[in-house]
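K.L.:
For the protein sequence lines, the chains are A and B, in the order given. My numbering puts the first residue of the first sequence at 1, with every later residue one more than the last. My numbering puts the first residue of the second sequence at 1001, with every later residue one more than the last.
Any given hint could turn out to be false.
Using 30 Å as the maximum straight-line C-alpha spacing, the simulated DSS-like pairs for lysine-lysine come out as follows [as the list claims (entries may be wrong)]:
| id | chain 1 | residue 1 | chain 2 | residue 2 |
| --- | --- | --- | --- | --- |
| 1 | A | K273 | A | K336 |
| 2 | A | K525 | A | K498 |
| 3 | A | K205 | B | K1055 |
| 4 | A | K273 | B | K1153 |
| 5 | B | K1055 | B | K1007 |
| 6 | A | K301 | A | K205 |
| 7 | A | K301 | A | K336 |
| 8 | A | K301 | A | K273 |
| 9 | A | K125 | A | K171 |
| 10 | A | K426 | A | K385 |
| 11 | A | K184 | A | K498 |
| 12 | B | K1130 | B | K1239 |
| 13 | A | K363 | A | K385 |
| 14 | B | K1055 | A | K444 |
| 15 | B | K1055 | A | K447 |
| 16 | A | K447 | A | K363 |
| 17 | A | K125 | A | K301 |
| 18 | B | K1068 | A | K447 |
| 19 | A | K525 | B | K1055 |
| 20 | B | K1239 | A | K163 |
| 21 | A | K447 | A | K426 |
| 22 | A | K301 | B | K1055 |
| 23 | A | K377 | A | K336 |
| 24 | A | K444 | B | K1068 |
| 25 | A | K205 | A | K163 |
| 26 | A | K256 | A | K363 |
| 27 | A | K426 | A | K377 |
Since the hints were derived computationally from the structure, they do not count as laboratory data.
Each chain, written out:
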Amino acid sequence: MKRKIAAVICMLAMTGSMLAGCGGNSTDESKGTDGVIGTETAGETTYKDTIVYSLDATPTGNFVPVLSESDYNTSVMDVVHASLLIPDAEGNLEDYLAESHEVSEDGTVITFHLHDNAYFSDGEKVTADDVAFTFTYMSDPTDERWTDQTTMIKGADEYREGKADSIEGVKVIDENTIEFTLTKYFPKALSFIGETGIAPEHIWKDVPYAEIENTRELLGENTVGCGPYHVIELVEDQYVKLEASDNFFLGDVATKYFIFRVTNADSITTELKTGNVDIAAVTNLLQAELDQIDNEGFDIKYFPYDLVQAIVFSASEDGGTPEAVKQAIRYGMDVKGFIENYMEGRADPAPILISSGSWAFPKDVEYPDADIDAAKKALEDGGYKDVNDDGFVEDPDGNPYTFRLVYPTGLTCREQFAVVLQEEAKEFGLNIELTGTDFPSLMKIMKDPAAYEAYLMGNGVDSVDPDLYAFGYIDSFAESQEAYDLIAEAAEELDQDKRCELYKEAAEYLVTAPTTRMSLFCQEKAYAYRDTIENYGAGSFNNFYHIHEWKMAE
Amino acid sequence: MRRYICKRLGVYAAIFVGVTILIFGMMMAMPGDPFSGLMLDPSIPPEYIEQQQEKLGLNDPVPIQYIKWVSRILRGDMGFTSDGRPAAPQVWAAMKNTFLITIPSFLFSTLIAVLFGIYSAIHVNRFFDKAVTLLTFLEVSIPTFFLALTCVKFFGYDLQLLPVSGLHSLTGNLTGWAYIQDSILHMILPVSILTLTQTSSMLRYTRSSLLEVIGQDYVRTARAKGLTRKQAILRHGVKNALLPMITIFCMRLPVIVSGALFTETVFVWPGIGMLNYNSIMGREYSIIIAIAAMQAIIILMTNLLADILYMVADPRIRLGGVKQS
């Protein structure tokens, strides 16, 4: 008996000593590496030396701008590397690593003047040679990744094909000046060239492009960049810790440490409340939860995604999805109602495949309301009638018609839209069969247009310019010749205001046309951040806008 | 015994080959590949995707891919993921993290299950037995992720008593006992959840196998010879209840290696469960097959261990007098 009592006492003592470290805000992560809350004083305000930013999945360490990387690696790259230009909240490009830039009248020559005080994190100066190297590297003949983009630069194709030793259209004028010549005017060229992070030539010049990923000693914590931060610690699946660069070309970086921390979306409110993170994406929370967070020492920033959800119809060789069916869906789907009832209004109807956060978004074009009668008539005109009175139309041959709609899982609003559309379609007699699947499986289905009638997908932009002519998007609007012509005209137009007007006109046609790709809505993102953070400037096209100015008061 | 073990090892080797062929085949039958998502980006040429697929050997016939994999595995090479990183370090790192929570939870759950199960059986239908029965049924009914999220809310959000994510704090400079203490704090919630979820089934089996034994004649005989009920059960009953308990114990051993996907996800614990899930979703074949192969080996070895423990626990089996189960 005495032994039992002694054992219980020992267990309690051990538990008590273990929990001695608990209690209070034991998980406050805004501490410096010395374990003490670092402070800097500006006037009378004291600032913390660390900001913790939440990510859903871990960056893997491939922080090289010339590689095609996951969103999580891109987050780190945006902070570790600097590009010539950066997008502001509306997708307008402003100077960054380039102190200034000029575009010729015909739009084919772009000249960048670099900051004279730009240095890489290892102390080497950033020069025009590094810029030239970056784009030459990306035109490596052994890799096809950037082919469709570098082709805009004069001589890139010849270099890739081995017909030239360098790219004719990339010209180093002097140490801080570089000139790009295009094969012709491309709206996306400025954003492609301007938004590419600059790779250090002295680090990568002896590494074949195909070997970049295998050169682990130059990646991860050893990444060299000229951005406001550099990586000092990478713990996979946990966090990436960055330290401010001493020689950032725009001056002192306001906060010494920046940590990307992997968190679970389901417990993000706990992470915010306990101080584990200071900034987090909270898009999936309900408005009531966001309002609660707003009242607990946080602010919420709302801005549109840089991609648009769309329904894409099958375009198989035998004709694909019939025009009558496409038209019926165009008339019958209630996008505005869906946004109001299922997304709490946190999305914008998208009359054209341009993010509602973009300068090019046609704000004045009204997305049509659902018109069930028009949808029914469209089906009838196409020969689709409910012959056997079962509530669903049969095809012109009298056979039962099933509209197979495939959607990728993982985004709640898109999954809900599929279900809602299925219900709405019953009202105009269309039998929709849903298949929800993961992305790789969906890609396999997409390879066989005969296997589906349509799929739902988010359509993003590779760079901020909203040009729909590039990369073939325009082909999916071919059913509306007017819209097609307007988009093609916008691709030739240098003046931003005129382009905006052309997209607006195109949108007015697209909202009623039975096109292969129909824009649905642009979801709104929500980011929660401590209300003591100053200068937090995230936007649709730049999650880390002016991060060097972000600071968090005590 | 030695001959028996060698024979079993030979059988297991054949089973292992069969299992890996099956898993490899099923994996290749899955639609998509690591580069499927790139198809969505209109700026990426299809030629690039084909190039990457060729680089990873995905265009080879499936039997060729399997032979290449076997020849690599025999050299200890698990291959590379689609982004060029070696698979082996990722798997081992995840495995170590998983061990941190699965081994303690396995030990705790086994200890609690055996002790409570025996006590429950001895005091059958008393208050303790009824309470334990109710709790185990409750625990089995509640999904793991719900339990985990509830703990996150209660201990992390409401009380702010325990950390709810990660292996350790981000301060980075903790060393010695402070580091250990910090790590233990981070382990408390995931280990507790895993312990709770694993205890119930073993507790029920322990209790029921002991109850079965308690009703046997030899226990009554032991009582008749002068032992108290407790003495008779503990000295004679428990030994005979060992065989089913060994079975359950060995059946649960692979859990140590397979990880706990829900728990790891909720607590952002970078273990093998999460790695496996992410690899399946991302079609990272080298990691999927490496984990599957490892788990196959562990399961086969635990079967062998069960057989050996049977022989140790029951002399009749060792002497070949009783047909092995």
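K.L.:
It remains to establish, for every hint, whether it holds in the given structure.
P.N.:
Okay, the hints, checked on the actual structure:
Under the criterion of a C-alpha separation no larger than 30 Å, the hint pairing K273/A with K336/A is inconsistent with the structure, at around 34 Å. A distance of roughly 29 Å separates the Cα atoms of K525/A and K498/A; the hinted pair therefore holds under the 30 Å criterion. A distance of roughly 22 Å separates the Cα atoms of K205/A and K1055/B; the hinted pair therefore holds under the 30 Å criterion. Restraint check for K273/A and K1153/B: the C-alpha separation of about 11 Å stays at or below 30 Å, so the hint holds.
Among the hinted pairs, K1055/B with K1007/B is inconsistent with the structure: their alpha-carbon atoms are about 41 Å apart, more than 30 Å. At most 30 Å may separate the alpha-carbon atoms for a hinted pair to count; K301/A and K205/A exceed this at roughly 41 Å. Between the alpha carbons of K301/A and K336/A the distance comes to roughly 22 Å, so the proposed pair stays at or under 30 Å and holds. For the suggested pair K301/A and K273/A, the alpha carbons sit about 17 Å apart, so the restraint of at most 30 Å is met.
Between K125/A and K171/A, the direct Cα distance comes to roughly 19 Å. Compliance with the 30 Å bound is thereby established for this hinted pair. Of the supplied pair hints, the one linking K426/A and K385/A holds, its CA atoms being roughly 13 Å apart against a limit of 30 Å. Taking the CA atoms of K184/A and K498/A, the gap is about 19 Å. The hint holds against a cut of 30 Å. Among the hinted pairs, K1130/B with K1239/B is consistent with the structure: their alpha-carbon atoms are about 24 Å apart, no more than 30 Å.
Restraint check: the Cα-Cα separation between K363/A and K385/A comes to about 37 Å, which exceeds 30 Å; the hinted pair is violated. For the suggested pair K1055/B and K444/A, the alpha carbons sit about 20 Å apart, so the restraint of at most 30 Å is met. A threshold of 30 Å between alpha carbons decides the hint, and for K1055/B with K447/A the separation of about 21 Å falls inside it, so the pair holds. Distance check on the hinted pair: K447/A and K363/A sit about 35 Å apart at the alpha-carbon level, beyond 30 Å; violated.
For a cut-off of 30 Å, the pair hint linking K125/A to K301/A is broken: about 36 Å separates their Cα positions. The suggested pairing of K1068/B with K447/A holds, with an alpha-carbon distance near 28 Å, which does not exceed 30 Å. Taking the CA atoms of K525/A and K1055/B, the gap is near 37 Å; set against the 30 Å cutoff, the hint is violated. For the suggested pair K1239/B and K163/A, the alpha carbons sit about 82 Å apart, so the restraint of at most 30 Å is broken.
The straight-line distance between the Cα atoms of K447/A and K426/A is roughly 28 Å, inside the 30 Å bound, and the hint therefore holds. The suggested pairing of K301/A with K1055/B is violated, with an alpha-carbon distance near 42 Å, which exceeds 30 Å. A hinted pair counts as satisfied when its Cα atoms are at most 30 Å apart, and K377/A with K336/A qualifies at roughly 21 Å. Taken as a hint, the K444/A and K1068/B pair is honoured in the structure, with Cα atoms around 25 Å apart against an allowance of 30 Å.
At most 30 Å may separate the alpha-carbon atoms for a hinted pair to count; K205/A and K163/A meet this at roughly 20 Å. Simply put, K256/A and K363/A have alpha-carbon atoms about 40 Å apart, too far for the 30 Å limit, and the pair is violated. As the CA atoms of K426/A and K377/A are separated by approximately 14 Å, the hinted pair is consistent with the 30 Å bound.
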